[in-house]
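Number of protein chains: 4
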Amino acid sequence: MSLREKKAEKKKKEIIQSALSIIAEKGYHATTMEDVAAKLLMTKGSVYYYFKDKQDLLFKSQKMLLEQSIQNIEEIMSKELPIIEKLQKVMVVHIEFLITERTGFAMGARPDQFFAGDQLQEIISLRQKYSHCIDKLIAQGIESGYFNKVDTKIVRNIILGAMNYVIEWYSSDGSKDKNELAKSISDYLLRILIN
Amino acid sequence: MSLREKKAEKKKKEIIQSALSIIAEKGYHATTMEDVAAKLLMTKGSVYYYFKDKQDLLFKSQKMLLEQSIQNIEEIMSKELPIIEKLQKVMVVHIEFLITERTGFAMGARPDQFFAGDQLQEIISLRQKYSHCIDKLIAQGIESGYFNKVDTKIVRNIILGAMNYVIEWYSSDGSKDKNELAKSISDYLLRILIN
Amino acid sequence: MSLREKKAEKKKKEIIQSALSIIAEKGYHATTMEDVAAKLLMTKGSVYYYFKDKQDLLFKSQKMLLEQSIQNIEEIMSKELPIIEKLQKVMVVHIEFLITERTGFAMGARPDQFFAGDQLQEIISLRQKYSHCIDKLIAQGIESGYFNKVDTKIVRNIILGAMNYVIEWYSSDGSKDKNELAKSISDYLLRILIN
Amino acid sequence: MSLREKKAEKKKKEIIQSALSIIAEKGYHATTMEDVAAKLLMTKGSVYYYFKDKQDLLFKSQKMLLEQSIQNIEEIMSKELPIIEKLQKVMVVHIEFLITERTGFAMGARPDQFFAGDQLQEIISLRQKYSHCIDKLIAQGIESGYFNKVDTKIVRNIILGAMNYVIEWYSSDGSKDKNELAKSISDYLLRILIN
DNA sequence: GATGAATGAGGCTTCATTCAT
DNA sequence: GATGAATGAAGCCTCATTCAT
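Protein chains in written order, with UniProt numbering: chain A, 1 to 195; chain B, 1 to 195; chain C, 1 to 195; chain D, 1 to 195.
Any given hint could turn out to be false.
You can't tell identical chains apart in this list, so a pair holds if it fits in one copy or across any two.
As the list claims (entries may be wrong) - Simulated crosslink set (EDC-like; lysine to aspartate or glutamate; CA at most 20 Å straight-line): (1) Lys-52 to Asp-35; (2) Lys-153 to Asp-177; (3) Lys-26 to Asp-56; (4) Lys-52 to Glu-34; (5) Lys-60 to Glu-101; (6) Lys-153 to Glu-168.
None of these hints come from the bench; they were simulated from the model. It should be emphasised that the depicted structure is a prediction, and the values quoted were computed from it without experimental measurement.
Using the sequences provided together with the hints, build the complete structure.
Structural data, given as structure tokens:
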């Protein structure tokens, strides 16, 4: 990749970051291309040099978030760790990632409200990939006898729901820091599976 | 209340229902006054006879939803039931209400994205009232020794997050009916508190 | 049709007239919705109340023009007139209509530059209907021995081309009035067919 | 002219050809500088090295077309040929040129829609030069008794209109080749002048 | 000479809102 | 009470044009 291309790639990421943070704050529909550009001291026109349209920007940003999440989870899954610690780590990283990126949009919102056609398929597919990782961990835990026998799908969704909800209430609760909070939540959620 | 007023009140509720269902499907910003009116075979102009503006319609609809939820929870709290059963019933009713109304908006979204000033205060206040009920149940459970000692705030938010997330994935999971599903979820969530 | 509907229909026609005259002057792409509205002392928004979008306005206006032309030609064809006089009348009316409406767009421009899909089909179909009328007249003239044997398609297109070109040069030639000019042109064109 | 200048001149012609072909297909306003550049595997920026702006490119391209047409017609006029054959050859070459270049734009569209000021003057002047040639041929034919007495201006415009219209319908009529078609059309048009 | 990047004006379109009837 | 009609602000997007490298 040439220097030019690297710069362009960097710019794209900046724009995505800008979009992500404003979408997290205002929601997708209330976010204007003007907002996204202004935050980077650019003009609207420039954003359109890098992204075809608003939908394209949304799609790319969500894709990036999901791919990062998947990378996070796969990295943990490839480690040699006891199943319990593994699942907990997955949860902690998920929550920390959410809080850092200030957006639960990628995992939280109904994708069919924002995507259609091929984009929808791709987003759904990425989400499923992520979900499957969690399912696998739960299944492994059950098999190995460390976890209670549970309905995997339901418990996975309880976990996802509880985690994604964090960004709705985190800011107003300053008593614990990010990491402590993530630990706490994951501890509580593990109780569904253990004992 | 005169007959005329009753009729108007009924109409208002119809409009709110229409708004609620479309917002649940498309999101607030993507919902137009036209949509809301068309669903009732009305014209936009008529809606403005009953509601000052779109924001007013949103506010009233969310308020209604929250007040209904609070009524639901208070009704249960006033009953003579063992604490465990009480909390479970609260959860079951919450989930069923969500699925029936097809909207987790009221409890799920960050209110400051949609409200400001007095409206925001009122919405927050209603939400807190609801949250406090759950907190109270948890606290009672702990005091009476039926529940483990937990951080009330965190566990309450785990419960809310897990429950509100249901509408994101319910439709795609037809294996259980509404009530069964609600039971399952509440069972799992109770494990956080019991043993 | 109610009074309301009549008024709306009238308004639509006014807008179409406005669009037609500006398109005739500037061309389609250079014509803005602002222009069309301003000419009628309306705002852009109002135009959108009557027409879905710019393309819709273009389509409806061209359709109207073509339908009017077809009505003109069919009216003449249904009369009891010698074939020569019939064809001449068709030409005269065509030219006068063109000059009056100040637009040769409908018959002159390549439709695939402006329409696609169903709209294109409909426009082509209307044009063909018009062309077929002329073809029929030519064929009848040949059959009855009043016209020379010619390639109908080519001669029809010569006639159409010559007539439609009038609006490109009419204004700069004030020596003859509309009707005289139309007569002259049709006389000359008939020489292709007679003797 | 230096080698460098020659190269630049060649490039300019390539760009003009590209512009011409796209304008013929889409119309001027729908043609973007991007389109013109892309067809030559250039970037927009490069086009601006050779042409001041889009208007300049349009002007130069139309001028080139007109000058070529004038050269064509003057070449024929300077030949020793019977007047009838001369006019016919003019028509045939005109039609073939049109079909080859796929654009009737230069002769067909109202110049005041696209040009103003000095450019408009120059374009009009070139067109007149072309028109005058045809007028002269008609006048000579009349004088020499080979042609009927006709209103020169009107007949010239009939001829131009009929010829320029060819590009609107040629492609859909594959039965005759370019040259045959041009012959046919000119034969028919000559009937206006002869006998 | 060429180009990637940026700009800004302008046009299309949507939609909450108003109001006369 | 209801509605057809109108409005205007705001947002999306395109594209001619410029310019540093």
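Each hint tested on the structure:
1. Taking the shortest Cα distances, Lys-52 and Asp-35 sit within 20 Å of each other both inside one copy (17 Å) and across copies (17 Å).
2. In this assembly of identical chains, Lys-153 and Asp-177 lie within 20 Å of each other by CA distance solely across copies; the values are 15 Å between and 30 Å within a copy.
3. Taking identical chains as interchangeable, the C-alpha atoms of Lys-26 and Asp-56 lie at most 20 Å apart whether they share a chain (18 Å) or sit on different chains (19 Å).
4. In this homomeric assembly, Lys-52 and Glu-34 come within 20 Å of each other (Cα to Cα) both inside a single copy, at 15 Å, and across copies, at 15 Å.
5. Taking the shortest alpha-carbon separations for Lys-60 and Glu-101, only the intra-copy value of 15 Å comes in at or below 20 Å, while the best inter-copy value is 32 Å.
6. With identical chains, the CA atoms of Lys-153 and Glu-168 are at most 20 Å apart between copies only, with a shortest distance of 13 Å across copies and 23 Å within one.
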